[in-house]
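Number of protein chains: 2
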Amino acid sequence: MARSAQRRSGGRKHKLAQRAQAPANPSPPGQRGGQYAPLSPSDMQAIYHGALRLLADLGLGEAPPRLTADLLAAGAEDRGDGRIRFPAALVEDAIAGAARRFVLHGRDPARSIEVGGQAVHFGTGGAAVQTLDLESGRYRPSTLADLHDFTRLQDCLENVSWFTRCCVATDVDCSLELDINTAYALIRNTTKPVATSFTLSDHVGPVVAMLDIAAGGEGAFARRPFLKAHISPIISPMRFGADAVDVVYECIAHNIPMSCITAAQSGATAPATLAGFLTQSLAETLASLVMVHAIRPGHPMIFSNWPLVIDLRTGAFAGGGGEIAVMNAASAQISNWLGLPSGVAAAMTDAKAIDAQYGVEKGLTALAAGLAGGNLIYESSGMTASLLGASFEAFVLDNDMHAAIYRILRGIEVTEEAIGLESIHAAVLGEGHFLGSAQTYAAMERDYTYPTLADRDPPATWHGKGAPDIWTVARDRARAILKRHHPAYLTTAQDAQIRARFPVRPSR
Amino acid sequence: MARSAQRRSGGRKHKLAQRAQAPANPSPPGQRGGQYAPLSPSDMQAIYHGALRLLADLGLGEAPPRLTADLLAAGAEDRGDGRIRFPAALVEDAIAGAARRFVLHGRDPARSIEVGGQAVHFGTGGAAVQTLDLESGRYRPSTLADLHDFTRLQDCLENVSWFTRCCVATDVDCSLELDINTAYALIRNTTKPVATSFTLSDHVGPVVAMLDIAAGGEGAFARRPFLKAHISPIISPMRFGADAVDVVYECIAHNIPMSCITAAQSGATAPATLAGFLTQSLAETLASLVMVHAIRPGHPMIFSNWPLVIDLRTGAFAGGGGEIAVMNAASAQISNWLGLPSGVAAAMTDAKAIDAQYGVEKGLTALAAGLAGGNLIYESSGMTASLLGASFEAFVLDNDMHAAIYRILRGIEVTEEAIGLESIHAAVLGEGHFLGSAQTYAAMERDYTYPTLADRDPPATWHGKGAPDIWTVARDRARAILKRHHPAYLTTAQDAQIRARFPVRPSR
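Going down the list, the sequences are from chains A and B.
Going by this note's numbering, the first sequence opens with residue 385, and the numbers climb by one from there.
Going by this note's numbering, the second sequence opens with residue 385, and the numbers climb by one from there.
Any given hint could be a false lead.
Remember, identical chains collapse to one label, so a pair may be satisfied in a single copy or spanning two.
Stated by the list, open to error - The calculated lysine to any residue pairs, modelled on SDA-like cross-linking and capped at a C-alpha distance of 25 Å, are: (1) Lys849 - Gly521; (2) Lys849 - Leu722; (3) Lys849 - Gly699; (4) Lys849 - Ala628; (5) Lys849 - Ala700; (6) Lys867 - Thr856; (7) Lys867 - Glu476; (8) Lys849 - Leu518; (9) Lys867 - Ala810.
Keep in mind that the hints were calculated from the coordinates and are not lab data.
Since this is a predicted model, take the numbers as computed values, not measurements.
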C-alpha cells in the first residue's frame, strides 16, 4: 500500500473514531440571539437620539491634533472651545459605512468566526492581575507562565470562540517585553482568533513583525489578521485618550481589527440612571466609530459598549448584579439594531471562590447577554473577583455553562415532523411511553446538550463519592488538561526565528 | 395622651424607623416578564393547533365515570373506545371562560399576590424527601421539624411570594396525619399564600376544617381561601388519574384554588423532540382546564405546564440543563399568549452541594422562566438535587438571586428625565465625573438592588476573612434566622382548638 493511501485510510479511521467518541455538538458557538429585548423600539430611538444630541451639542474633548484634522475633514465641527462636535449626519455616515459583518480569523481557518448579525460568541477579554492558584486555592499575582497555561487550557475548550489574553504577566516589567511576550504566548499556544492590548503605539510594529513570522512571512499577517486589538480610545465622560488614539492609528496602519471599548462606570464616569448611562456610553462608542470612519472608513471595529456598574455603597466595580446584566443586554440590543457588530461583557462575577455566588452571577449575566444577541461576549470565560482574578477551574466550568446557554439560544425547532402527532398517537395507543423509540434516540443525539462536569447523581451516590463540590471536579479537569495538552503551534524554524529577533522569555 | 393616640404615634415612629433601616425594595416581586420570546407567533400557533388536534383526535384515556358525565355534558365526545375527545370548540370555551387573573390570598392580606398577565412571582413547589442537613452538610430524610423550620425561614424571605410545602415529612407515616400536619406547619409559621397536596380526596374536608379555625370560623376559609392545592390530574401521556380527579372535585367543592400540574418527562412520558413535548404537554394541561371548566367554569386554576427533562443517558430526571430552561420559558410564553395564568418550574438544580453548578443551573433556568413571564415560577426556592433535596442555605441564597432577576425584569426606564442630557453636560463641563451628585444618590436608592450575601470584596480582603465560600455565609444566615424567627401566627385559642380536634404532632 502506498504511503499516501495509508495516511488517508488512517485519517478516515481516526475521524470515525472521533465521531464515535463525541457526537456533533448540538448547539455550537455562533447560535443566534435576539429573543430577549430589554428595550422597546421607542426606548432605543430615545437613547440613540439622546446620544446623537450629546455628540452634536457637547462633543468630545481632548482630541489629539492628528485626529482633530481627520475628524474635521470628515465633517466634524471645531468651535474653538476644545471640544470637537459630530453632527448627526457624520455619525450616520459612520454607521452606514461601518464593517457590519467580518471574519475574525483563526490561524487555523477552521477556527475563524464571523462577527455580526445576531450570532453569539463567548470569549475572553480580561486583564486579571491575579490568578486563583490551582494548588493553594488563593489568589496571587498573575505570571507569564499563567498566561501560557491559560492559553493552552482554553485551546481545548470549544466554547471559548476567541482568546484575548485573560491575565497580565505581572512578572514582566518592561511594557514592550510584556506586549511581545503576551503575543508570543497567544501564537504559541492556540490557533484560535486571539486578541491583546498594546501599551504604546510603538509596540504595534514589533508585535506585527513577530506575527508575520508565525503567518509565513513579511506582510502575511496583514493579509489575514488573526489578532485583534483591545483599545479604549474614549475616556469617560466624553473625551479622547491620546495614547489610545495613537494605538488606533498604528493598528489601522497594520490592518489589525479593533475592539474599541467603552467601559464607563455608573455613578462615577457615567450617570447612575440606567437610561442616562446607556445614552452617554452609546455616544462614546459612536465617537470611536466616527474616529475609525475618519481614519479609514469600514475598518473592522467591534462596537464594544460595555456598561460597567459601581457598587455605590463602596465605589468599587461590581460585575455580578442585575443592573449590569440588563444594561449589557440593552447595549447588545442597541448595537445590533444599528447593524453594528456588538461587543458586551458578561460573567464578571464578584465571587472569589468558585462557589454558588460565582455560578448565579455568571449564569444570570451571561444568559442575559446571550439572549440579547451580543455578538462577542467578552470576559465570559475564566474571570472571577470583579475582573481582578482569572481561574483555571472557571475556564472549564464556564465552557459547560456556555454550552447550556447555546442550547437555550438554539431554541425549539417547530416543524410538523418535530411535533410528530403520529408518533404521539402511536406511543399513547401502543406501549404508553416514549422510551427506547427511534425518535427518542435520534433526538437524544441531535437535540440535547450533556454537561461534562455537572453532577446529576442522586444524593446517596454523591455521598458515596465523598460529597464533592464542583470546584474540586473542575480543578481535577483543569489539571488533567494542563498535564496533557502542550501544543506547539509554531514550527521549530518559526520559533527559532522569533527567539532570535525578540526577547522571548521562558514560559515557566 | 389617649391610648389610641399613643398607639398611632408609636406606629408612625415604628414605620419611619423601618424605612430608615431598609429602603423600599427597588424591584419587588411581581415585576413584569415577557421580554424574552423563545417561540415565534407561528411556532405558538403550530404547537397550539397540534395540541387541539391531539385533544380532538386522540383524546384522554381513563376518565372516571363522574368526570366523563361532566365532560360529555360540556360538549366532549365518547366514541366508546375508552377515550374522551375534546372538540376544539370545547377547548376554546374552556380557555375563554377560565379565570385569567385572580388573587392568591395570604392570611395576611398585605401578603396576597395577584396572578396573571405578565407578573412574575418566584415561589416553591417541591416535595423533597431529603433535606440537606445544616450541621452535617449531608442529605438525610426530611422530617416534620424540617417543614416547620423551612416554613418559618421563608417567612422572612421577601422573594418567596408563596410557600408550597417544600419537603415531605417522612417521619409521619399515616397519609391523613401527613396532610393535616403539613397544613398545620404552613398556617402556624407563615401568613403568606400557601399550598399543599392532598394524598386522597377524603383529606380535603378535615384540612379545610382546620383552616377554618385559623380563618375565624366555619366557612371562613372558603370565603377567602389562602391555601391552594397542587394536583396532577393528568398522567402523561394523555390519560386521567382517578385519585387526583377525585381531589379536584373535592377542592372545587371547598373553593380551593388549584395548580393543575402537567409534569411530563422528555423521552419517557412525552416525546424527546422539544416541539412534540410542548404540544403534548400543552394538550394535557388544556385537558385539565377543560375538566375544571366542565365541573365549575371559571374556578381558579394555575395553568401549570412544567416540561421536565430526562437525562437520556441514564433515564433520570435532570433539572439543570438548557433544554429544560428553554422549554419552561416556552411553556410560560404559550400560557400567557392564551391569556391563562402560567405556572412553570425553574431553579431545579441537579447539584447536591451548594456550589458553582448549583448557581449556574439555578441562574440560567430561573432567569429564562422570569424573562419569559412565568406568572408562578415553582421549585425556584430552596430546592436541590433534581428536586430530591431541600436546603436552608439554598433558601437564603435563592432569595438574593431572585432579587437580581426581578431587577433585570424591571428593566430600564427610558424617559427624558432618566436620560438627563443636561446632567451629562453639567458633569462633563464641570467636575468631570458623576460621583456624589444628587442624581447619583437618588438613583442609588431608587434603581439599584444590593445583594445581602454576595461577596464584593477584593481578593486580599477575602483572604483576610478566611476565604469563605458563600455556602458558609448562607449557612450562617439561615442559622441566624432560624434562631431568631419563631412566629406563632395562630392565637393560643386557635391552636388549642386545632389540637383538640386534630392529631397535631410536635414540631421538634
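- prompt: How would you classify Lys849 and Leu518 at a CA-CA limit of 25 Å: within, between, both, or neither?
  reply: both (21 Å within a copy, 20 Å between copies)
task: Using 25 Å as the alpha carbon limit, work out where Lys867 and Ala810 are close: within a copy, between copies, both or neither.
output: Neither: 51 Å inside a copy, 56 Å across copies.
query: Should Lys867 paired with Glu476 be assigned to within, between, both, or neither, using CA atoms and 25 Å as the limit?
result: neither (52 Å within a copy, 62 Å between copies)
query: Checking Lys849 and Leu722: alpha-carbon separation at most 25 Å within a copy, between copies, both or neither?
result: neither (52 Å within a copy, 47 Å between copies)
- prompt: Is it within, between, both, or neither for Lys867 and Thr856, if the alpha carbons may be no more than 25 Å apart?
  reply: Answer is within; shortest intra-copy Cα gap is 16 Å, inter-copy 32 Å.
- prompt: When no copy is specified for Lys849 and Ala700, does a C-alpha distance of 25 Å or less occur within a copy, between copies, both, or neither?
  reply: For Lys849 and Ala700, only the inter-copy Cα distance (18 Å) is at most 25 Å; the intra-copy one is 40 Å.
- request: Check Lys849 against Ala628 for me: Cα-Cα at most 25 Å, and say if that holds within a copy, between copies, both or neither.
  value: neither (52 Å within a copy, 39 Å between copies)
message: If the cut is 25 Å between Cα atoms, do Lys849 and Gly521 qualify within a copy, between copies, both or neither?
response: both (21 Å within a copy, 14 Å between copies)
query: Between the shortest in-copy and the shortest cross-copy C-alpha distance, which are at most 25 Å for Lys849 and Gly699: within, between, both, or neither?
result: For Lys849 and Gly699, the Cα distance is within 25 Å only across copies (20 Å; inside one copy 43 Å).
The structure fails to meet hints 2, 4, 7, 9 from the earlier list, while all remaining hints are met.
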